[in-house]
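> Sequence:
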Amino acid sequence: LVSISQLLNAGYVVLFCEDSCKIFDAKKLLGEIPVNKGLYCIKGPKRPFMGAAKVNEALTMCDAHARLGHITPDSIKYMLKDGVITGIMLDPSDFTMDKCGLCEYAKATQKAIGKMRDPLRCEHFSDKVHTDLWGPSPVKTPGQKEYFASFTED
Numbered sequence: 001l002v003s004i005s006q007l008l009n010a011g012y013v014v015l016f017c018e019d020s021c022k023i024f025d026a027k028k029l030l031g032e033i034p035v036n037k038g039l040y041c042i043k044g045p046k047r048p049f050m051g052a053a054k055v056n057e058a059l060t061m062c063d064a065h066a067r068l069g070h071i072t073p074d075s076i077k078y079m080l081k082d083g084v085i086t087g088i089m090l091d092p093s094d095f096t097m098d099k100c101g102l103c104e105y106a107k108a109t110q111k112a113i114g115k116m117r118d119p120l121r122c123e124h125f126s127d128k129v130h131t132d133l134w135g136p137s138p139v140k141t142p143g144q145k146e147y148f149a150s151f152t153e154d
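For the sequence shown, the positions run 1 to 154 when our numbering is used.
Possibly wrong hints are sitting among the right ones.
30 Å max Cα-Cα, derived BS3-like pairs, lysine-lysine [claimed, not checked]:
| # | residue 1 | residue 2 |
| --- | --- | --- |
| 1 | Lys99 | Lys81 |
| 2 | Lys99 | Lys140 |
| 3 | Lys145 | Lys128 |
| 4 | Lys37 | Lys107 |
| 5 | Lys140 | Lys107 |
| 6 | Lys107 | Lys77 |
What follows is a set of in silico ranges between Cβ atoms, one per label pair, in the way DEER data are often shown [unchecked claim]:
| # | residue 1 | residue 2 | range |
| --- | --- | --- | --- |
| 7 | Asp132 | Pro92 | 44 to 54 Å |
| 8 | Gly38 | Lys145 | 20 to 30 Å |
| 9 | Ile4 | Ala58 | 29 to 39 Å |
| 10 | Leu80 | Gly135 | 38 to 48 Å |
| 11 | Lys107 | Glu32 | 32 to 42 Å |
| 12 | Lys145 | Leu102 | 18 to 28 Å |
| 13 | Leu39 | Val139 | 20 to 30 Å |
| 14 | Asp25 | Phe148 | 34 to 44 Å |
| 15 | Ala58 | Pro34 | 33 to 43 Å |
| 16 | Val139 | Thr72 | 20 to 30 Å |
| 17 | Lys22 | Asp132 | 41 to 51 Å |
| 18 | Lys27 | Met89 | 43 to 53 Å |
| 19 | Asp19 | Ala58 | 38 to 48 Å |
| 20 | Val84 | Lys22 | 23 to 33 Å |
Simulated from the structure, these hints should not be mistaken for laboratory data. Idealized CB from N, CA, C, for every residue including glycine.
When you get a sec, could you build the whole thing from the sequences and use the hints?
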């Protein structure tokens, strides 16, 4: 994973082309990342992830879940067993976890839309308009907006 903003802040220049992303310092090309199926993919050996904790730190499943980007507990167990994640171990006294409040908050839910319309559609344009206002959003848009309004003409 490459952070473009961190490269730019460090004084590097990044150029996105049709088939690659090129990274330059003040004098020369440092690297080129090819496009593969629409994504800029860095090729190299797969190495275990070691940035989650101190060496051999015992973590609860909740802590490991939060530090590893809220991946599922089964994925954490699998990756630890296969050696994809090294440097941490799960606390045997807290090997399971309850629901994660952040994960539950992030899930959007809605009622299923029925197959039959009841009542029937309106017959003339603008007979009925449904409006929904959502907000404030916990994250602002690039334009610093916090609310979303939708209008549906029936």
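> Hints first: check each against the structure and report whether it holds.
Consistency of the hints with the structure:
no.	hint	result
1	Lys99 <-> Lys81	holds (23 Å)
2	Lys99 <-> Lys140	holds (26 Å)
3	Lys145 <-> Lys128	holds (27 Å)
4	Lys37 <-> Lys107	holds (28 Å)
5	Lys140 <-> Lys107	holds (18 Å)
6	Lys107 <-> Lys77	holds (23 Å)
7	Asp132 <-> Pro92: 44 to 54 Å	holds (48 Å)
8	Gly38 <-> Lys145: 20 to 30 Å	holds (28 Å)
9	Ile4 <-> Ala58: 29 to 39 Å	holds (35 Å)
10	Leu80 <-> Gly135: 38 to 48 Å	holds (40 Å)
11	Lys107 <-> Glu32: 32 to 42 Å	holds (39 Å)
12	Lys145 <-> Leu102: 18 to 28 Å	holds (23 Å)
13	Leu39 <-> Val139: 20 to 30 Å	holds (24 Å)
14	Asp25 <-> Phe148: 34 to 44 Å	holds (42 Å)
15	Ala58 <-> Pro34: 33 to 43 Å	holds (40 Å)
16	Val139 <-> Thr72: 20 to 30 Å	holds (23 Å)
17	Lys22 <-> Asp132: 41 to 51 Å	holds (45 Å)
18	Lys27 <-> Met89: 43 to 53 Å	holds (46 Å)
19	Asp19 <-> Ala58: 38 to 48 Å	holds (46 Å)
20	Val84 <-> Lys22: 23 to 33 Å	holds (30 Å)
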